[in-house]
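Trainee: Listed in order, the protein sequences are those of chains A and B.
In the numbering used here, each residue's number is its place in the first sequence (first place is 1) plus 7.
In the numbering used here, each residue's number is its place in the second sequence (first place is 1) plus 13.
Simulated from the structure, these hints should not be mistaken for lab results.
A hint or two may mislead.
The calculated lysine-lysine pairs, modelled on DSSO-like cross-linking and capped at a C-alpha distance of 27 angstroms, are [stated by the list, open to error]:
| # | chain 1 | residue 1 | chain 2 | residue 2 |
| --- | --- | --- | --- | --- |
| 1 | B | K268 | A | K177 |
| 2 | B | K320 | A | K177 |
| 3 | A | K264 | B | K200 |
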Amino acid sequence: MKALAARRHHRSAPVVLLLLALLVTGGVYAALAPSPAKADTASTADIETGKKLFQANCATCHGPNAEGTTEAPSLVGVGAAAVDFQVSTGRMPMQMNGPQAEAKPPQMDEEQTAALAAYVASLGAGPAIPTDEQVDGSLGDAANGMALFRTNCAMCHNAVGAGGALSEGKFAPSLFETSDRNIYQAMLTGPQSMPVFNDANITPEEKRDIVAFIDEQREGSAGGLSLGSLGPVSEGLWAWVVGLGLIIGAAVWIGAKSS
Amino acid sequence: MSENQNPQPSRDVTPHGGDGTLAQADRFTDPGVPEHKPRLTDTDPRSAKRNERLIVLIFLISCLGTVGSVVAYFAVRPDGTTEGVRLSTLLLGVAMAVSLLGIGIAAVHWAKTLMSNHEHVEERHPSSSSDEVRAVVANQFKEGGKDAGIARRPMLLGSVGLALALFPLSIAVPLVSSVGGDWNVSKFRHTMWKKGTRLAYDPSGRLIRAADLTVGSVAHVIPDVPAEERETHHWITEKAKAVVLLVRLDPRDLKRDHREGASYDGIVAYSKICTHVGCPVALYEQQTHHLLCPCHQSTFDIADGAKVVFGPAKRPLPQLPITVDDEGYLVAEDDFNEPIGPSYWERLK
């Protein structure tokens, strides 16, 4: 210590101190900084392939560098999860203009989707594609998922996820056919009319609970025919047309004279 | 059985007034019972035999249904899975339907084909008692009144009348006073939000940092209260008034607040109770900034002070003024400055 104290007026002391301070700051930052959300596996080759695919399929609307146009939003910072959701469900590339982009058989295969996701993720940090463990409904708590679903999702997607109408031709789709990964990504990125439910709002564990709840709804209702789970409209139609029709038919048969 | 073949004119068309023939001319002649036609089973013994066998067959099918339902009950027990419960219910239901419908169809078919189908006419009996009986009863009432001395003892009549008239109060008072709970309407004016109450996520109760809300986010919000208070009944009634929908817009999209200065950096907090009839308005379309009510399609423009753009609601949603505290959490600056929910007659007093 004495030796250090003796040299504190040394000519190079400020420089040494500055270097030390920078090293400590950098080290602490590296240890504590949140890891940027990016697809880790993206290689430069993937990004190059993705860029080519993007310019061939997406640039017309989203702009040559994904900066957005008057037709479509910028994709800088939307993250790999948004691309994977939109492309793997076939919503993008969009086939035609309409109230909303609807799901259709995907145009890109898995490799192409991954390349596109890697390219868009390289443009700016955004939510990454969730891991298989994050979206595994069997690890979640379906009861907690139901409470969360009821508060955050049921008003648009129906109490069991059968979907429902929005305004002017838009609708919240049914979730029965949606994959666990896509459900998770939709919450994370808020596609189209849907709001964003980021990890501070609904934590990753809570998102998995919601996936677990949806998984249970896929088994259908223990009560038998669910009539699309649409509630009073389909049930009323059934009761009035089929039910009353049968009763009227029986009354006519009982009242008719036998010949 | 079949149409009334009463040859006498019925009472409700008895001619009245001076000229009986006029009313008489309006009547049509009673066509009587149509001619009886024998059925095939009445004339053809082979057809009757065939129908008999058919009816027996349907009854036997019903027996099989009953046996089937008992077998299904023991063989397919609900095993706790959705599919198991569905299969068990389905088999029991189908077997019982076969069993009961079999009895019903066979019985009706039996009655229609094999039982006698000759029409019978039953005359109506006069429903009033004879004049003698009526006179006796009237006399008994008069005698009873005389015996009780009502005319001579007016105090007695008054007191019995009073007792009978008062008794319904013992039922009516509790009934009327419990209708509508209490009459304290002023509680609709205030919610539990007050200056400094932090905003928390519903249902977890975690606090909300302004920095955590990304643009396009929607959060369903309750006031921050201790977790044990959220287990109480009082909380449920308070929550029903205090629920808030929090939306973060791009500040450039936010045209105006409903309440001056109530938003914070593009984050707006509006009451989740519709101003039409109080449904939870929560269908938020991120791209149009429209908030829909699922009950009657009232649509509010969140970017424009929650103005009503469609539907039966008459007023914008009340806005909760919010800001950020020292630790970065969202806090309320005040309660709502108008009653939340649907209009009521004392709202503007």
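Trainee: Which of the numbered hints are not met once you compare them with the structure shown?
Mentor: 3
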